[in-house]
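Enquirer: Residue numbers (the working numbering), protein chains in the order written: chain B, 3 to 232; chain W, 3 to 232; chain X, 3 to 232.
Rather than coming from a laboratory, the hints here were simulated on the basis of the structure. Note that beta-carbon positions come from the ideal geometry of N, C-alpha and C, so glycine has one too. Hints may contain errors.
In silico SDA-like cross-links for lysine to any residue, where the CA-CA straight-line distance does not exceed 25 Å [what the hints assert, rightly or not]:
| no. | chain 1 | residue 1 | chain 2 | residue 2 |
| --- | --- | --- | --- | --- |
| 1 | X | K33 | W | W152 |
| 2 | W | K33 | B | E145 |
| 3 | W | K33 | B | R89 |
| 4 | W | K33 | B | D68 |
| 5 | B | K33 | B | D68 |
| 6 | B | K33 | X | A174 |
| 7 | W | K33 | W | A94 |
| 8 | B | K33 | B | L122 |
| 9 | X | K33 | W | A94 |
| 10 | X | K33 | W | I146 |
| 11 | B | K33 | W | W201 |
Selected chain W positions facing chain B (Cβ under 10 Å, derived; list incomplete) [what the hints assert, rightly or not]:
| no. | residue |
| --- | --- |
| 12 | G39 |
| 13 | L42 |
| 14 | L61 |
| 15 | L188 |
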Amino acid sequence: MNSLLTAAQYPLDLAGIFAFALSGAFLAVRKDFDFFGTLLLAEAAGTGGGLFRDLVLRLPPAAFTDTGYCLVPPVAAVVVFVLRPTRRLVSASTVCDAGALGMFSVTGTVKALEHGFAPLPAIALGVTTAVGGGLACGVLAGEIPPVLRWDQDLYVLPALVGAGGTAALDAAGHLDLFSAGCVAALSFTLRISALRRGWRTPRSAVWKQQGEAADSEAANPHRWTSPNSY
Amino acid sequence: MNSLLTAAQYPLDLAGIFAFALSGAFLAVRKDFDFFGTLLLAEAAGTGGGLFRDLVLRLPPAAFTDTGYCLVPPVAAVVVFVLRPTRRLVSASTVCDAGALGMFSVTGTVKALEHGFAPLPAIALGVTTAVGGGLACGVLAGEIPPVLRWDQDLYVLPALVGAGGTAALDAAGHLDLFSAGCVAALSFTLRISALRRGWRTPRSAVWKQQGEAADSEAANPHRWTSPNSY
Amino acid sequence: MNSLLTAAQYPLDLAGIFAFALSGAFLAVRKDFDFFGTLLLAEAAGTGGGLFRDLVLRLPPAAFTDTGYCLVPPVAAVVVFVLRPTRRLVSASTVCDAGALGMFSVTGTVKALEHGFAPLPAIALGVTTAVGGGLACGVLAGEIPPVLRWDQDLYVLPALVGAGGTAALDAAGHLDLFSAGCVAALSFTLRISALRRGWRTPRSAVWKQQGEAADSEAANPHRWTSPNSY
């Protein structure tokens with residue numbers, strides 16, 4: 003499947019980076035960063051996950067060795083910065099972001115498998131590739147990354163479906179361009195459905211027992227000491 | 003000592019990763035993250051320090067190449083997520099965390115020395131291995147990592163004792179499995195004593211002169227401009 | 003130019019790391035961190051950008067392989083921690099920080115070009131080398147890095163001038179020690195002028211239309227959904 007993927011990979015990668023970079027740039031504008039802050043956040047969101055993947059795989063990081071990869075996030079930053087970010091535009095960007103999530107969770111896992119990683123580490127790297135840019139972006143912007151919060155819709159689970167499905171297909175010997183595309187589409191559909199229907203993941207038993215009505219902050223009574231104090 | 007360490011290393015590493023991952027998962031539950039957020043934080047806390055060490059040493063990062071390393075943090079996340087995190091459980095986890103702190107500060111330094119690092123850089127890498135997971139975890143969770151705050155008990159100093167002791171033993175030619183274990187135990191004991199007795203490190207002279215009574219926030223009058231403004 | 007740069011590089015690098023480490027240590031003291039927190043922040047600010055550059059270039063990271071690089075940030079931390087950080091001292095440190103910004107944006111780009119990077123990726127890496135330490139430091143300290151905020155004076159633009167000028171000189175075949183020094187001086191002068199005159203970069207059109215009077219927080223009405231929700 004490698005040769006097939008390679009042919010289609012580059013333009014798809016650029017599109018995925020553009021989608022993630024848009025999300026990062028929207029976050030930057032919402033946080034009222036200046037143009038260069040928007041640029042940095044678009045770069046972090048667009049190329050952060052792939053950069054992390056390449057560092058772990060010890061490859062020359064494409065985010066810094068390829069001019070195209072480098073150039074796409076600034077374009078996204080300019081688009082967001084000049085255009086008025088309407089609700090419609092942000093919605094469109096969220097759909098694109100979901101597509102990139104599906105794609106990178108599959109291609110990240112494929113890359114790891116091609117480098118001889120065992121299935122479980124390959125899945126972990128695929129998920130990190132897909133969610134890494136959003137994590138980096140949230141941390142830089144001084145927000146708890148939405149990926150982590152229970153009051154946000156499913157994000158890691160679609161990535162896990164994409165990465166896990168890819169590893170399962172590979173183990174079964176059925177991984178080709180078509181089946182990989184189907185897994186990416188499944189991951190994308192799951193993310194979009196979660197967004198439309200507000201699907202969320204369970205919180206810890208301790209919070210659920212304290213009553214769902216209390217909001218996230220109020221439900222945090224610090225009744226036990228911090229994990230780092232005795 | 004290399005062969006001796008190697009024999010005992012793998013199960014000890016898994017135990018240390020489990021201890022750090024527990025701390026990360028407790029933090030995630032305290033911050034009311036969902037299950038996948040807890041998973042990510044457990045991975046970051048458990049394997050973050052070792053991942054950073056392996057990237058610096060330019061080794062294949064064990065956190066992503068070894069199935070065991072990859073699998074332990076999710077187990078810790080499930081344990082924390084399903085169990086009700088009682089005060090007793092958190093206390094037990096803090097003791098385990100101190101053990102992992104002692105162990106990783108020693109093994110991180112040993113790994114760096116084995117790769118031909120000079121003593122001081124090896125100590126720096128050993129300390130970073132030990133505290134890196136907690137730093138990554140705190141940053142992702144949107145908290146100032148407790149490692150940095152003056153109102154938290156000693157954390158870097160025990161790591162420094164572990165790493166420095168290892169480098170000193172190596173320089174003296176007395177580094178073997180027994181002496182390395184003693185240094186790790188010393189580091190562990192220092193951390194536990196600091197926790198029990200509330201030992202803290204000094205703050206800057208400027209704050210001490212402004213009166214200890216004022217709390218951390220109030221004592222921050224922004225009397226001088228930010229280092230980044232003129 | 004390589005041999006010329008190499009001769010002058012090491013002491014200049016140490017001076018630049020010291021300047022960045024001072025900025026990090028001042029931030030740590032302002033945030034009321036303890037001594038070891040100050041140490042970690044000084045290390046992150048001083049060597050973070052270069053560490054990132056070396057990881058991307060897949061070189062042994064000098065921040066951890068060279069004793070001098072390792073030792074300079076602790077010295078800065080001790081200086082800041084013992085001395086009373088007066089306004090005059092912070093101002094002096096800001097000027098030094100601007101000098102380091104100019105220098106690292108040039109030397110980071112040169113290093114990337116020497117490793118065969120195309121001009122645009124080399125510029126991106128040069129800028130990241132120059133601003134990376136400040137980013138890491140801000141994130142660890144739980145602050146939105148000033149680099150990103152519109153209400154801070156120009157920081158990325160001087161780095162971009164330094165990196166872009168270096169790449170342009172290299173493309174024109176005129177990159178030598180003298181011309182590289184001139185570009186670094188230009189970058190430094192731009193940063194200092196921005197600080198003195200309060201030069202800032204534009205915010206997004208959407209904020210400007212909502213009236214400049216409203217402050218950054220109030221101007222953030224969350225009128226559209228977060229980029230990560232639908």
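Enquirer: None of the hints should be skipped; say for each whether it holds.
Expert: Structure-based check of each hint:
1. X:K33 <-> W:W152: 10 Å, holds
2. W:K33 <-> B:E145: Distance of about 13 Å is within 25 Å: holds.
3. W:K33 <-> B:R89: 30 Å, violated
4. W:K33 <-> B:D68: 39 Å, violated
5. B:K33 <-> B:D68: Given pair K33 (chain B), D68 (chain B) is violated - Cα atoms ~29 Å apart, limit 25 Å.
6. B:K33 <-> X:A174: Violated, because 39 Å separates the two Cα atoms, which is more than 25 Å.
7. W:K33 <-> W:A94: Distance of about 20 Å is within 25 Å: holds.
8. B:K33 <-> B:L122: 37 Å, violated
9. X:K33 <-> W:A94: Measuring from Cα to Cα gives roughly 31 Å; hence the hint is violated.
10. X:K33 <-> W:I146: The given pair, whose Cα atoms are some 10 Å apart, holds under the 25 Å limit.
11. B:K33 <-> W:W201: Roughly 39 Å separates the two Cα atoms, so the pair is violated.
12. G39: OK, holds: G39 (chain W) within 10 Å of chain B, min 3 Å.
13. L42: 6 Å, holds
14. L61: 9 Å, holds
15. L188: Interface hint status for L188 (chain W): violated (19 Å vs cutoff 10 Å).
When each numbered hint is compared with the structure, violations occur for hints 3, 4, 5, 6, 8, 9, 11, 15.
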